[in-house]
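Participant: As you go down the protein sequences, you meet chains A and B in turn. Per this note's numbering, the very first residue in the first sequence carries number 1; after that it's consecutive. Per this note's numbering, the very first residue in the second sequence carries number 1; after that it's consecutive.
Misleading hints may appear alongside valid ones.
[What the hints assert, rightly or not] Taking lysine to aspartate or glutamate and the EDC-like style, the derived pairs with C-alpha atoms no more than 16 Å apart in a straight line are:
1. B:2 to A:95
2. A:131 to B:13
3. B:205 to A:105
4. B:12 to A:95
5. A:131 to A:95
Derived from the structure by calculation, the hints contain no laboratory data.
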Amino acid sequence: MTDKIISINNLKKKYGKQVVLNNVSFEVDYGQIVGLIGPSGAGKSTIIKLTLGMEKADSGNSEVFGIHMPNRKILSKMGYMAQSDSLYNSLSARENLLFFAKMRELKKEDLDSEIERVSKVVDLTDQLDKKVDNFSGGMKRRLSLAIALLGNPQLLILDEPTVGIDPVLRKNIWTELGKLRDNGCSILVTTHVMDEAELTDRVALLIDGNIIADDAPNNLKQQYDVDSIENVFMKAEGDM
Amino acid sequence: MKTLSISSRILKEIFRDKKTLAMIFIIPIIVMALMSYVFKSYNSTDINIGTVNISQQVESNLTKVKNVNVKEFKNEKSAENALRDNYIDSFIIYKNNDYKMVHANIDASKTSMTTAALSSALTQTSLKNMSTTLAKISPVKQHQPKIHLTNEYKYGSSKTNFFDKMMPTLMAFFVFFFVFLTSGMALLKERTSGTLDRLLATPVKRSEIIFGYSLSYGLMAVFQTIIIVLFTIKVLDIEVVGSIWLILLTTFLLSLVAIAAGLLLSTFVKSEFQLMQFIPLVVIPQIFFSGLIPLNSLDNWAKVLSFIFPIKYASEAISNVMMRGFTFTGIVIELIVIILFIAILTFINIIGLKRYRKV
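This is chain A alone, in the form it adopts within the complex (with noise of 0.2 Å):
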């Protein structure tokens, strides 16, 4: 088995005449929580789109366990939650988790156990038979990373996972996303929250799609000489 789990090589991608990524290289290593932070703007959906198989580079390659994106197949091994909560909010959460479980291709006499579990980890027990239409916007974020937990899957790819959670609950989920790294999954996050960026092994600056800065957070510190990541973060775009 490779260690690396995502390696992209100098992808460059346009949409019309903007140029969204230039020339990315970065890669993901087993059991790694890497960190992908930058403005918005700055190309952070187009590389996890990209390790989706949901674009296409203009130019370079992105392989995921060692197989060249795009590709279907691949996708089952892989956790994917979006921005966006993306939800079917006239289903319970127990039919949402259902109905990705079955796409994910879990195993039938897995299902309910698999339920169970996820929505333990987000803390959703008793609320599984509620309708989503129902739910604050805090417990729709937390579903839908459970659903992105559903299979424990080799790698998880979190498109800004705790946008509007309570910070009680954040701390778990981050305890949890640890728990899961030490198991063997590899995870590949964005965030704004600058102070999460310090939980993780690796983080990746990326500004005006080119990654100006990729280590360990205490590192990146040292290197810019600042006490946190969010310094770090300023100051690389105040250098731009």
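Dock chain B against the given chain A, drawing on the hints supplied.
Facilitator: Then chain B, alone, in the frame of chain A:
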């Protein structure tokens, strides 16, 4: 099997959305009931004809024509006034050995009814004159056989009206319109809410999504047609000569075209409002080319155009089954054309989803 999971999910969503349910099941029935009522009363329209200086005989023959009321006027002037005030629809004046008709011509069908009434009255009058003359020439009493006229109706009865002719087209139209709209909206919602992206981030095949939609909305269309057909037969009292199963088969196939067209269109629009804006382009022209208006009098370019409208084939097939009792072999060509529409549009849709995932 993902196709089944997707369509059962969509059906769950539909059954929990009361507005969509009402749109599919209740609105067509209300509209058809109203149309049937309007057309049934339209059928018994009377025309009011004014006469000036018309011989007694012609006038009494005119009165005998069905649905004609005759009013006598003293002179042209007073008839003109009555026409202007909408008391009469036309008047006939006899002047210098000539009959002249003046029509309001607001309703062209009344104008032609008037013309037909006058000519039949005149024919009867001259026939009568001829036989009196004949009797004078040869006073031998001839035994003339009395002519009996009987009507035999292959379809319906003497009460059959324009609405009966419209029924097949209306059925095809309702199935197409409501399924087109609801399925298009559903896929659009799935796209804008992000669930389509999430779905495509799983190993589901693009074709499984499209087939899931086709299956669920196709099923809804079958329920819809069953209700519409039962309503027209039992409540509106319209006769179906052929097999109801063939009608259901045709509408089911048409609904698959509508679904595919709705899904295709939804990928071109950004919002539900934009989808509504396409209705005048996609749906309305189909009504006019679907057989409501006889197509054989059209120009060639318009005839060619009519071939690309799927409702036309469905309404022809339904009307042949319903009114002429055609069997499967009689409508098989129409069905094949409809299936071709389904195949082409579905293929385009499966390819079209590549916009959202490259494999």
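Participant: Compare the structure with each hint and give your call.
Facilitator: Hints, verified against the model:
1. Under the criterion of a C-alpha separation no larger than 16 Å, the hint pairing residue 2 (chain B) with residue 95 (chain A) is consistent with the structure, at around 15 Å.
2. Distance hint between residue 131 (chain A) and residue 13 (chain B) is fulfilled; the C-alpha atoms sit about 11 Å from each other, no more than 16 Å.
3. For a cut-off of 16 Å, the pair hint linking residue 205 (chain B) to residue 105 (chain A) stands: about 12 Å separates their Cα positions.
4. For the suggested pair residue 12 (chain B) and residue 95 (chain A), the alpha carbons sit about 10 Å apart, so the restraint of at most 16 Å is met.
5. As the CA atoms of residue 131 (chain A) and residue 95 (chain A) are separated by approximately 9 Å, the hinted pair is consistent with the 16 Å bound.
Hint compliance for this structure: no hint is broken.
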